[in-house]
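J.: What follows is each chain in one-letter form.
Number of protein chains: 2
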Amino acid sequence: MELHRPTILISNDDGIQAGGILALAEVARAFGEVIIVAPDSPQSAMGHAITITKPLRLWKEKLSDGSIGYACNGTPADCVKLATGVLIKNNPDIILSGINHGSNASASTIYSGTLSAAREGAIQGIPSIGFSFCNYDEEADLSAAKEIARIVITTALRQRLAIGQLLNVNIPNLPLEEIKGIKTTRQAMGRWVEEFEERADPHGRKYYWLTGKFLLQDTREDSDEVALRAGYVSVTPLTHDLTHLEMYEEVKKWEFND
Amino acid sequence: MELHRPTILISNDDGIQAGGILALAEVARAFGEVIIVAPDSPQSAMGHAITITKPLRLWKEKLSDGSIGYACNGTPADCVKLATGVLIKNNPDIILSGINHGSNASASTIYSGTLSAAREGAIQGIPSIGFSFCNYDEEADLSAAKEIARIVITTALRQRLAIGQLLNVNIPNLPLEEIKGIKTTRQAMGRWVEEFEERADPHGRKYYWLTGKFLLQDTREDSDEVALRAGYVSVTPLTHDLTHLEMYEEVKKWEFND
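So the protein sequences, as listed, match chains U and L.
Under our numbering, the first sequence is numbered contiguously, ending at residue 258.
Under our numbering, the second sequence is numbered contiguously, ending at residue 516.
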């Protein structure tokens, strides 16, 4: 008797031709049937945007390893919506997003397109994992990241990652043998301190490039950014219920009036 | 001796010429100095997107009530980043976003551009409030919504809404005298069930329009959507720490290995 081979939906935010999505698909094929639906162009920092003012298109595209995926002209969250709403009759068993070329720890959890694809899965009740490798070079060697992804997927399937559960996995930019381990973490407190670079166009009009420096405001060893800097893989379970429970108790005592 | 008049930054996602932002600015001027920085075009459902692949521009624009605001070619979150990074020397005392033409309760908390402007403020440590009126008509009568906004701002300033605190205020589509009260709430569990409308372009190629129906999966009286349907204004305190704390305790027990 054959065991059920899971259906695995893969997306990302670096676009369908990025090296990271090929690497993740290669890892995932050992676990089940893989369907790739990803943006046709890079969609970094798209947050949880969805497309409601233009029509979406979806087409087959050959990836550089010869396999076939589906490209979409929308955001990462759109890709997951189209995959579950149009392409796949039943929901996939799990959604994997990435491997992102760059970190999605701390405040980047909020801006990340990689995580919005995974979060969209979680909202729909599908267990989902986002993978990010702390190296922004698109040509980076992904072999350590692939091995970590394999171990995390093995563990998550064994532990029966449940309906609506969402993991944010960040992998430090180190050779496999220098990675100290895999740590369950919290989102580190921190933020980007913006530094806008002001320039003038050939017509003399000002414009701004958004740049910035990450400011870590956390020292907890079990926070994702601190764990990464210490050489660990961080695994942060994420919620999509954004209620601030402590503040909820406080605001309940307010009297709303003049 | 004069009291300190707060500096109030106002943004939205419906664009700088939307009726809702004028209404909010009119209310806010009673409380302090108002600066408007908003997208030059509608940015609904932009989630927490930011712009890193094209330059941002910022220009003065006359609003339909004759006042002057700043328009920006970016997302709601970009507007707040530009306002605090380029326009204003010191951080504003409070950020108000809206009044959005349409609800941002339950799952829409995640997709909302209105809330991303407010959330960006909270990440930067600025107390922030997002206002949404549960009527999608851009010509809707906003008088009840304005009165509710006035009461909520009065209360939040009196209670000294603190650094990094963020409120999501949704106002039911009712005349003021039929609104039952203002309730502190949680984000209701629910999701959009997608229904893609498939069409063919004049060349016979398929495309899809994202539509959908909201599915409420919550019955708690103190959840935002349930409170709204019962005729209350909902005030949901939001966090930008997305760690799932219960799941964190569970995943800590996992052994990550083959």
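Honestly, I wouldn't trust all of these hints.
[Said to hold, decoys possible] What follows is a list of derived Cβ distance ranges for each label pair:
#1 U:GLN217 x L:LYS510: 16 to 24 angstroms
#2 L:GLN475 x U:GLU147: 18 to 26 angstroms
#3 L:SER322 x U:LYS180: 35 to 43 angstroms
#4 U:LYS252 x L:THR265: 49 to 57 angstroms
#5 L:LEU503 x U:ASP65: 38 to 46 angstroms
#6 U:LYS89 x L:ARG457: 48 to 56 angstroms
#7 L:GLN417 x U:ARG160: 25 to 33 angstroms
#8 U:PRO175 x L:ARG463: 42 to 50 angstroms
#9 L:ARG416 x U:PRO175: 50 to 58 angstroms
#10 U:ARG199 x L:LYS511: 24 to 32 angstroms
#11 U:ARG199 x L:PHE472: 51 to 59 angstroms
#12 U:ASN257 x L:GLY324: 30 to 38 angstroms
#13 U:LYS180 x L:LYS511: 50 to 58 angstroms
[As the list claims (entries may be wrong)] Among the chain L residues that face chain U by a calculated CB cut under 7 angstroms, a handful are:
#14 MET304
#15 LEU321
#16 GLY324
#17 ILE326
#18 ALA398
#19 HIS498
[Said to hold, decoys possible] Lysine-lysine pairs mimicking PhoX-like chemistry, simulated, CA-CA at most 25 angstroms apart:
#20 U:LYS180 x L:LYS312
#21 U:LYS89 x L:LYS471
#22 U:LYS206 x L:LYS471
Bear in mind the hints are in silico, worked out from the structure with no lab data behind them.
Just so you know, even glycine gets a beta-carbon here, dropped at the ideal spot from N, CA and C.
J.: Does each hint hold? Answer for all of them.
T.: So, going through the hints one by one against the coordinates:
{"no.": "1", "hint": "U:GLN217 x L:LYS510: 16 to 24 angstroms", "result": "23 angstroms, holds"}
{"no.": "2", "hint": "L:GLN475 x U:GLU147: 18 to 26 angstroms", "result": "38 angstroms, violated"}
{"no.": "3", "hint": "L:SER322 x U:LYS180: 35 to 43 angstroms", "result": "59 angstroms, violated"}
{"no.": "4", "hint": "U:LYS252 x L:THR265: 49 to 57 angstroms", "result": "29 angstroms, violated"}
{"no.": "5", "hint": "L:LEU503 x U:ASP65: 38 to 46 angstroms", "result": "39 angstroms, holds"}
{"no.": "6", "hint": "U:LYS89 x L:ARG457: 48 to 56 angstroms", "result": "21 angstroms, violated"}
{"no.": "7", "hint": "L:GLN417 x U:ARG160: 25 to 33 angstroms", "result": "44 angstroms, violated"}
{"no.": "8", "hint": "U:PRO175 x L:ARG463: 42 to 50 angstroms", "result": "46 angstroms, holds"}
{"no.": "9", "hint": "L:ARG416 x U:PRO175: 50 to 58 angstroms", "result": "57 angstroms, holds"}
{"no.": "10", "hint": "U:ARG199 x L:LYS511: 24 to 32 angstroms", "result": "52 angstroms, violated"}
{"no.": "11", "hint": "U:ARG199 x L:PHE472: 51 to 59 angstroms", "result": "43 angstroms, violated"}
{"no.": "12", "hint": "U:ASN257 x L:GLY324: 30 to 38 angstroms", "result": "32 angstroms, holds"}
{"no.": "13", "hint": "U:LYS180 x L:LYS511: 50 to 58 angstroms", "result": "19 angstroms, violated"}
{"no.": "14", "hint": "MET304", "result": "5 angstroms, holds"}
{"no.": "15", "hint": "LEU321", "result": "21 angstroms, violated"}
{"no.": "16", "hint": "GLY324", "result": "25 angstroms, violated"}
{"no.": "17", "hint": "ILE326", "result": "17 angstroms, violated"}
{"no.": "18", "hint": "ALA398", "result": "19 angstroms, violated"}
{"no.": "19", "hint": "HIS498", "result": "6 angstroms, holds"}
{"no.": "20", "hint": "U:LYS180 x L:LYS312", "result": "38 angstroms, violated"}
{"no.": "21", "hint": "U:LYS89 x L:LYS471", "result": "18 angstroms, holds"}
{"no.": "22", "hint": "U:LYS206 x L:LYS471", "result": "43 angstroms, violated"}
Hints 2, 3, 4, 6, 7, 10, 11, 13, 15, 16, 17, 18, 20, 22 from the earlier list are contradicted by this structure; the remaining hints agree with it.
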